[in-house]
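Start from the sequences and build out the full structure, keeping to the hints where you can.
Quick note, the sequences are listed as chains A and B, same order. Throughout the first sequence, residue numbering follows my numbering, covering -5 to 110 in sequence. Throughout the second sequence, residue numbering follows my numbering, covering 3 to 116 in sequence.
No wet-lab data here; the hints were simulated from the structure. For glycine and all other residues, C-beta sits at the position ideal for the given N, C-alpha and C. No false leads were slipped in.
Among the chain A residues that face chain B by a calculated CB cut under 8 angstroms, a handful are:
id : residue
1  : Q35
2  : G36
3  : L39
4  : Y42
5  : L84
6  : Q99
7  : G102
8  : P103
9  : G104
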Amino acid sequence: DGGITQSPKYLFRKEGQNVTLSCEQNLNHDAMYWYRQDPGQGLRLIYYSQIVNDFQKGDIAEGYSVSREKKESFPLTVTSAQKNPTAFYLCASSITGGPRGTDTQYFGPGTRLTVL
Amino acid sequence: QQQVKQSPQSLIVQKGGISIINCAYENTAFDYFPWYQQFPGKGPALLIAIRPDVSEKKEGRFTISFNKSAKQFSLHIMDSQPGDSATYFCAASTGGFGNEKLTFGTGTRLTIIP
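Okay, here's the thing in structure tokens:
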């Protein structure tokens, strides 16, 4: 059963603590993405990675960090430097370099992070 | 800088009616225009997508209309059903290797009433 898994579904943390969100995919996709979703603002790209051991900043990377040590995994760390971390975080993946029409991004179920 | 503008922010349609959501873009290099559907507490799921070499694409009750000269595209949901109640996002990308990242609109919350 192929897909993208994110864990946990709900996460609560105290202000000032770093927290790591998990994202795993078994679709054999090269590219993975992290988005943040806030009400009325759509999806904003945090980081993306097109190959293992390489990643690029998105539009709102400040206060976040990522790693891509394995093709299947792209964890996101929300650091204490992120001023407003409470949000719904979505991970996605896609193939790269394929023919036109194959660059669809597939999303995981999301993690809702609440910082108390 | 928001490169994809989506309207309306919310929409209420009677069951059986036509729901229409519009998007406009600025970057003429955009080459791929998907629409995503998202239910509360879930991740978005691809609904339908179009490339600029066609002006319309239809899949079941869902149709994308694309106007390249106006830099606009829209989603039409025919015979709207209560199960269509969700948030819809348009998006765009330049496509091709290394350009798969999407720019999303701000979303439209659609409610279908009986």
